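Engineer: As you go down the protein sequences, you meet chains F and U in turn.
Residue numbering for the first sequence follows my numbering, starting at 30 and increasing by one per position.
Residue numbering for the second sequence follows my numbering, starting at 1105 and increasing by one per position.
Calculated directly from the structure, the hints in this document are not laboratory data.
Here the structure is a predicted model, which means the values were calculated and not measured.
Each hint should be verified, as a subset may be incorrect.
Straight-line distance between alpha carbons at most 27 Å, and here's what the computed DSSO-like set of lysine-lysine pairs gives [to be verified]:
{"#": "1", "chain 1": "U", "residue 1": "K1296", "chain 2": "U", "residue 2": "K1183"}
{"#": "2", "chain 1": "F", "residue 1": "K42", "chain 2": "F", "residue 2": "K313"}
{"#": "3", "chain 1": "F", "residue 1": "K172", "chain 2": "F", "residue 2": "K263"}
{"#": "4", "chain 1": "U", "residue 1": "K1183", "chain 2": "U", "residue 2": "K1297"}
{"#": "5", "chain 1": "F", "residue 1": "K313", "chain 2": "F", "residue 2": "K387"}
{"#": "6", "chain 1": "U", "residue 1": "K1224", "chain 2": "F", "residue 2": "K42"}
{"#": "7", "chain 1": "U", "residue 1": "K1297", "chain 2": "F", "residue 2": "K42"}
{"#": "8", "chain 1": "F", "residue 1": "K177", "chain 2": "F", "residue 2": "K192"}
{"#": "9", "chain 1": "U", "residue 1": "K1183", "chain 2": "F", "residue 2": "K42"}
{"#": "10", "chain 1": "U", "residue 1": "K1351", "chain 2": "U", "residue 2": "K1332"}
{"#": "11", "chain 1": "F", "residue 1": "K42", "chain 2": "U", "residue 2": "K1223"}
{"#": "12", "chain 1": "U", "residue 1": "K1351", "chain 2": "F", "residue 2": "K224"}
{"#": "13", "chain 1": "F", "residue 1": "K189", "chain 2": "F", "residue 2": "K167"}
{"#": "14", "chain 1": "F", "residue 1": "K173", "chain 2": "F", "residue 2": "K159"}
{"#": "15", "chain 1": "F", "residue 1": "K196", "chain 2": "F", "residue 2": "K184"}
{"#": "16", "chain 1": "U", "residue 1": "K1351", "chain 2": "F", "residue 2": "K313"}
{"#": "17", "chain 1": "F", "residue 1": "K120", "chain 2": "U", "residue 2": "K1297"}
{"#": "18", "chain 1": "U", "residue 1": "K1223", "chain 2": "U", "residue 2": "K1171"}
{"#": "19", "chain 1": "F", "residue 1": "K192", "chain 2": "F", "residue 2": "K167"}
{"#": "20", "chain 1": "F", "residue 1": "K90", "chain 2": "F", "residue 2": "K192"}
{"#": "21", "chain 1": "U", "residue 1": "K1231", "chain 2": "F", "residue 2": "K42"}
{"#": "22", "chain 1": "F", "residue 1": "K90", "chain 2": "F", "residue 2": "K189"}
{"#": "23", "chain 1": "U", "residue 1": "K1229", "chain 2": "F", "residue 2": "K42"}
{"#": "24", "chain 1": "U", "residue 1": "K1296", "chain 2": "F", "residue 2": "K387"}
{"#": "25", "chain 1": "F", "residue 1": "K387", "chain 2": "F", "residue 2": "K224"}
{"#": "26", "chain 1": "U", "residue 1": "K1296", "chain 2": "F", "residue 2": "K120"}
{"#": "27", "chain 1": "U", "residue 1": "K1297", "chain 2": "F", "residue 2": "K224"}
{"#": "28", "chain 1": "U", "residue 1": "K1297", "chain 2": "F", "residue 2": "K387"}
{"#": "29", "chain 1": "U", "residue 1": "K1332", "chain 2": "U", "residue 2": "K1171"}
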Amino acid sequence: MEEIIQHLTPLFKEISGYIYPNEIELHWSLLVVIYPYLTGLVAGAFILASLVKVFNVTALKPVYRISLLTALAFMLVAPLSLLAHLGHPEKSYEILLTPNLTSAMAMFGFVYMWYLMAVLLQEIWFDYRKDLILWAQKERGIKKWLYKCASLFSKDISEKALKFDDKAEKVITILGIPSAFVLHGYVGFIFGSVKANPFWSSVLMPIVFLFSAIVSGIALVLLIYMVVTPLRNKVMDTKCLDTLASFLFYAMIVDFSLEILDFIHRIYESEESIHILSELVAGKLQFSLIVVQLIIGMIIPLALIAGVKMFNTPVELKRLLYFVSALLVQVGIFFTRWNVVIGGQLFSKSFRGLTAYKMNILGIEGLLVSIAILLLPFLILYVLFKFLPPWGETHVTTQPESS
Amino acid sequence: MKKNLPNKSQNVNRRKFIKNLVLAVTAFSVPAVLTAKEQLKRMQSWILGKDYNPFDHYWGMGIDINKCIGCGRCADACKQENDVPSEPFFFRTWVERYRIFHDGEVRVDSPNGAVDGFKKQNIEKGKVTIRSFFVPKICNHCDNPPCVQVCPVGATFITPDGVVLVDSDYCIGCRYCIQACPYGARYIDPIKKTAEKCTFCYHRVVQGLVPACVEVCPTQARVFGEVKKKASPLVRFMRMNKIGVLKPALNTEPKVYYANLDMEVN
Ligand code: SF4
Ligand code: SF4
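Looking at chain F on its own, in the form it has when it is part of the complex:
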């Protein structure tokens, strides 16, 4: 109680105009910003992987497994941020046991489980099955058993079985693309369907979420690939980098157009809420929306990649520019989520005033926990990389005798 009073009282000073008295407390805080950011990365990374399997973009092969493992690592952490934000995380299982079917949020558990169990884990398993069996033969001790368990004690690596793996993977990926769309589009729907909030309420919301997800996923895999490859003393595949950058560029163009469309639509329709929303964008969101999301996170990286494409850039400079662009895109997308989630709560539903948000540093909803949640996927990724090396060259390529 004391804490809440201490947290809320200073906010009175930052309020402008009239807000409903219950609106001083901002209800969805930093943790809820992180959640769509994480699921966006998952969906984006997966869709990137599917480019290789379904659309046969062979240039992206070096990052195929990296994207799958990235998707898995971020997927495992995503629900943590939601759980931590609940008032009663210990009761969260009720969402699965007694879901309210009219609630957009109630589907969360099912969408999540479906994506994790039916898509991600299966695809990874079929992709790694052969390697797991070979590694189990090669290793000793605990590791041998771990690999054996991971392969679910399958032993068949005959030509026929491997063909089946490949087929299964393709089918799962084809199923996985709409699933990834659902996973993140659905998160957009949770916001887009709140008719009480004119900043959120928009049919475009799920689609904007989706394309920004693809953008962020590609940028993340690009970053991971560019950091990890030199660390392993290997040479980066320039063709792969170029292709990644191209896809990033196209996805950004679509994302950018959608956001502009949304913007123009709102201004043109000029509904009741337009005054308070303009005040919000020109005031409290000016920095995070116009400077960070639009200029730093979108226009500059677009210009950089376009520059690389247009001029004959030396390889070193090209890499640097790709890296910087991907980094800026990452920052931009994080603030895209911020602007939707926090920005959408900074104005009163009376449309007569603006509220304020003060971030906690300590506490479960604070900055430190959020940073931990953002770093955790990288830790998991490290472990995954160790256990399931995704690098092509370490594949056991010799055809072993069928067992």
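Got chain F sorted already, so can you dock chain U with the ligands onto it with the hints?
Structural biologist: For chain U with the ligands alone, coordinates are given in the frame of chain F:
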């Protein structure tokens, strides 16, 4: 042929097994469902008393803006009656003051939800007030409530007698309902960490009393009653006045009806 035989009998066995399984599960769960229903009935009559049948009623509220003097006794009574934390961040009902000036400016305020009433505020020289009035606000117990629609676990529900309630044993504190309510009627209880809101003083209503805010209003600006029965004070109120509801465009179908509502109120 012979080869098939064991298979066939296996099949039969399996079918038998599944059949038995289904039977057993149904046999076990039927009494469970029955007793649950019984329990529910017993619970209902225990909670509500033998004389109260929720299916016989449908509640709503009328508020006459012209009658409200902004004393804020309703807001105060609500906090007392329902153990609402006294801090100025949590309200189940509150009163807003509107002042509309000649130059078109509209000022709205509700200091501490008007629990202590309003103080006279000096207005800058040369500013002319053209209209001024008070608007009591409360959960609208919407007939098409977005808060009920979005609650992931069904902790927020609408009763047969038309009251929107929160089951705090079920509520997981996700706050989706707060985002979905267009009227700012909800808050998170700082101690229970679950959603809270106006209950129309359900504990009083089932005993034949009116909500605390209605009871204390010195000018009878608030009227409580049946929405559908002819003899109800609310129906009379709605017949005698021109009625408006808040944010009708959102199709929430509020059951709090305002008389003499101004276009500036939202
Ligand atoms: S006013 Fe808000 S809390 Fe009350 S029923 Fe309507 S949507 Fe729900
Ligand atoms: S906060 Fe509680 S009542 Fe509100 S939507 Fe979440 S679970 Fe339901």
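Engineer: Hint by hint, note whether the structure agrees.
Structural biologist: Evaluation of the provided hints:
no. : hint              : in the structure
1   : U:K1296 / U:K1183 : holds (16 Å)
2   : F:K42 / F:K313    : holds (15 Å)
3   : F:K172 / F:K263   : holds (26 Å)
4   : U:K1183 / U:K1297 : holds (18 Å)
5   : F:K313 / F:K387   : holds (12 Å)
6   : U:K1224 / F:K42   : holds (21 Å)
7   : U:K1297 / F:K42   : holds (25 Å)
8   : F:K177 / F:K192   : holds (21 Å)
9   : U:K1183 / F:K42   : holds (24 Å)
10  : U:K1351 / U:K1332 : holds (22 Å)
11  : F:K42 / U:K1223   : holds (19 Å)
12  : U:K1351 / F:K224  : holds (11 Å)
13  : F:K189 / F:K167   : holds (22 Å)
14  : F:K173 / F:K159   : holds (14 Å)
15  : F:K196 / F:K184   : holds (18 Å)
16  : U:K1351 / F:K313  : holds (26 Å)
17  : F:K120 / U:K1297  : holds (12 Å)
18  : U:K1223 / U:K1171 : holds (18 Å)
19  : F:K192 / F:K167   : holds (23 Å)
20  : F:K90 / F:K192    : holds (18 Å)
21  : U:K1231 / F:K42   : holds (25 Å)
22  : F:K90 / F:K189    : holds (23 Å)
23  : U:K1229 / F:K42   : holds (25 Å)
24  : U:K1296 / F:K387  : holds (22 Å)
25  : F:K387 / F:K224   : holds (26 Å)
26  : U:K1296 / F:K120  : holds (13 Å)
27  : U:K1297 / F:K224  : holds (25 Å)
28  : U:K1297 / F:K387  : holds (19 Å)
29  : U:K1332 / U:K1171 : holds (24 Å)
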